[in-house]
Amino acid sequence: MDPVMGAVSELLAHARGHEAASVFGLIPTIERLRDRPLQVVRSDDLAPGVFGVWRSYPERDEIHYAPWVATPDRTIAHEFGHMLLGHRGVPALETAKRTLPPEWHDMASLMLRECGQLDGLDESLRRLEVEAEAFASELCRRIAGAGGARSARIRSLLNEAL
Amino acid sequence: MFASIVVSVLLWWVALTRLWRWRTSRSVLTLGTVVVFIFMALHTTVNVGAVDRLISEAVGVANATSAVKHGIFFGICLGASIIIVALRVPDVDRQRRWIAPLSAGATAATAVAVALFFSAEDAPQATDGYQFDELYVHLPGYADSAAFVMGVAAVLCTVITVVVLLGWDLGTPSGRGLAILACGVAVLASYAWIRGGYIVAARLGWVETSTYALDLTTQLALIGAVLTTLGLLWSSIEGAFRSQKQRRDFAELYTVVVKERWPGVIRGSWASFDPSRRTADRANEVLDALSMQADVDKLPEQGLPATPESVARWVHAGESGGIGVDGLRPPVGFDAVKWVRAVGRAFQDIHLCDKAEMRK
Numbered sequence: 001m002d003p004v005m006g007a008v009s010e011l012l013a014h015a016r017g018h019e020a021a022s023v024f025g026l027i028p029t030i031e032r033l034r035d036r037p038l039q040v041v042r043s044d045d046l047a048p049g050v051f052g053v054w055r056s057y058p059e060r061d062e063i064h065y066a067p068w069v070a071t072p073d074r075t076i077a078h079e080f081g082h083m084l085l086g087h088r089g090v091p092a093l094e095t096a097k098r099t100l101p102p103e104w105h106d107m108a109s110l111m112l113r114e115c116g117q118l119d120g121l122d123e124s125l126r127r128l129e130v131e132a133e134a135f136a137s138e139l140c141r142r143i144a145g146a147g148g149a150r151s152a153r154i155r156s157l158l159n160e161a162l
Numbered sequence: 163m164f165a166s167i168v169v170s171v172l173l174w175w176v177a178l179t180r181l182w183r184w185r186t187s188r189s190v191l192t193l194g195t196v197v198v199f200i201f202m203a204l205h206t207t208v209n210v211g212a213v214d215r216l217i218s219e220a221v222g223v224a225n226a227t228s229a230v231k232h233g234i235f236f237g238i239c240l241g242a243s244i245i246i247v248a249l250r251v252p253d254v255d256r257q258r259r260w261i262a263p264l265s266a267g268a269t270a271a272t273a274v275a276v277a278l279f280f281s282a283e284d285a286p287q288a289t290d291g292y293q294f295d296e297l298y299v300h301l302p303g304y305a306d307s308a309a310f311v312m313g314v315a316a317v318l319c320t321v322i323t324v325v326v327l328l329g330w331d332l333g334t335p336s337g338r339g340l341a342i343l344a345c346g347v348a349v350l351a352s353y354a355w356i357r358g359g360y361i362v363a364a365r366l367g368w369v370e371t372s373t374y375a376l377d378l379t380t381q382l383a384l385i386g387a388v389l390t391t392l393g394l395l396w397s398s399i400e401g402a403f404r405s406q407k408q409r410r411d412f413a414e415l416y417t418v419v420v421k422e423r424w425p426g427v428i429r430g431s432w433a434s435f436d437p438s439r440r441t442a443d444r445a446n447e448v449l450d451a452l453s454m455q456a457d458v459d460k461l462p463e464q465g466l467p468a469t470p471e472s473v474a475r476w477v478h479a480g481e482s483g484g485i486g487v488d489g490l491r492p493p494v495g496f497d498a499v500k501w502v503r504a505v506g507r508a509f510q511d512i513h514l515c516d517k518a519e520m521r522k
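One line per chain: the protein sequences are P and D, in this order. Quick note on numbering: the first sequence equals residues 1 to 162 in our numbering. Quick note on numbering: the second sequence equals residues 163 to 522 in our numbering.
No lab work stands behind these hints, which were simulated from the structure alone. All figures in this text were calculated on a predicted structure; none of them were measured in a lab. A portion of the hints provided could be inaccurate.
To be verified - Interface residues of chain P toward chain D, partial, derived using beta-carbon atoms under 10 Å:
{"hint": "1", "residue": "R42"}
{"hint": "2", "residue": "P101"}
{"hint": "3", "residue": "G148"}
{"hint": "4", "residue": "L158"}
{"hint": "5", "residue": "L162"}
Said to hold, decoys possible - Covered stretches of chain D, going by a simulated chain P footprint (3 or more residues, C-beta under 8 Å):
{"hint": "6", "stretch": "430-443"}
{"hint": "7", "stretch": "465-478"}
{"hint": "8", "stretch": "501-510"}
For glycine and all other residues, C-beta sits at the position ideal for the given N, C-alpha and C.
Okay, chain P solo, but in the shape it has when bound (with noise of 0.2 Å):
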């Protein structure tokens, strides 16, 4: 089975009435899933070049993403995808990376290889990323026309066998 388009299949099918009709509509969707809240939120202060991020807190997900970003649908799409593919929050030097000002990247990178923090984490990062994008692509495309349908679950689940 393929992770990512079982993960987008198993969230269509749970989702109800109107909820596929959009990205922003799942919420609720994910938050019966998880069976825990999650809140979505325009954030001033994500570092510059982020476009999105999930913080996960012990009772609760939050997702911030860019004010400047042209498609939020696609970029939230994205986080849900790390969310929902079991990828566990940010490593290290992502997190440094997005909280520190640009000047203090090298810093920080020269300081977790001291700390043996960057061995592998490129490929295992790039691999995640890979997937939630494909997340977003396929679940952007399965909703895709179902806002203008008279049942968006339905369009979203039959978008699977066209």
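Keeping the supplied structure of chain P fixed, place chain D upon it in accordance with the hints.
This is chain D only, laid out in the frame that chain P set:
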């Protein structure tokens, strides 16, 4: 005969491609689609004269192929029922729990149909399914079995038609595919109602036996199968023909904003994605690159209404003309590819004008 073989090949193609999709997602809806198309393909294959006779000879009972076809029909009904459950039940585990009872129901229905079929008095072997229907389908036993099968198929096809109608639109390739699919299933529903109605009426002696209804429903079955197949394949066909032209329309814009200015937004497409999906991914990379540019140029979140030309001018010369981030988003009625194509064409026009100016 030739039409049956062509439709059979088409149906096997759709069945195998949906089987591949089911292997990747394991969703209940795709399972239902696979079951429907495998049994539809089997049915059209069995309709081929040589296969029809081969089965009857192998079973050793005259006209046994028609009983086999009734079993195959319930296979199609099983797939249709699974699809209805997948569309109506909003919980994957509950959907999966329906599969065993539905399979048991289809098996029991097949047993009833076959028992009714073999309760008929023996009739000489017909040359093919059409001749069997023409000569014997109204006789007791055969008619009861066929009417039972057609009744179940008619109800299920009608339900599927209504359900599919709830999802179609003409604004997207998959929506257009659904519209064709809805017509196909509606034609198959009419096939089942007309054929079932004729068999019941002939069996009860309300009408004289005639080949008119059988001829009509044979044509309807072929048309329905072709439309259903075409509907499922439509999105892929449209994508394959259009994606190359779409990519060409925004190739120059892609080179400038993605490859030269913001290569960090480039992401590989998932290995199994088809050409149209890859084009959509490239269009989204352009939108991500425009977002990065908007951040650097400090575009406001809300700006003046944007056109493809104003966005292209901003990319080309840095003059925003009052547009904001909201102007970079695909407008209502546009998907990412359509919007990026429009901006890409405007960008090409500006470059062509520049080149003409330089020549002067």
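Original post:
Do at least three Cβ atoms from the stretch 501-510 of chain D come closer than 8 Å to Cβ atoms of chain P?
Top reply: Violated - the stretch 501-510 of chain D has 0 residues with a Cβ nearer than 8 Å to chain P, which falls short of three.
Original post:
Regarding the hint that P:G148 lies at the interface with chain D, is the smallest CB-CB distance below 10 Å?
Top reply: Hint holds; P:G148 Cβ to chain D Cβ min 5 Å, cut 10 Å.
Original post:
Do the numbers back the hint for P:R42, that is, is its least Cβ distance to chain D under 10 Å?
Top reply: holds, 9 Å
**OP:** Count residues of the stretch 430-443 of chain D with a Cβ under 8 Å from any Cβ of chain P, then say if the count reaches three.
**Re:** holds (count 8)
**OP:** Mind taking a look at whether chain P covers the stretch 465-478 of chain D? Criterion is 3 or more residues with CB to CB distance under 8 Å.
**Re:** Since 0 is below three, the answer is violated.
**OP:** With chain D as the partner, please determine if P:L162 meets the hint condition of a C-beta pair closer than 10 Å.
**Re:** holds, 4 Å
Subject >> Cut-off 10 Å, beta-carbon criterion: hint that P:P101 touches chain D >> reply: violated, 15 Å
Subject >> Hint status (Cβ of P:L158 to nearest Cβ of chain D, threshold 10 Å) >> reply: With a closest approach of 5 Å, the P:L158 hint holds.
Consistency with the previously given hints fails for numbers 2, 7, 8, ordered from lowest to highest.
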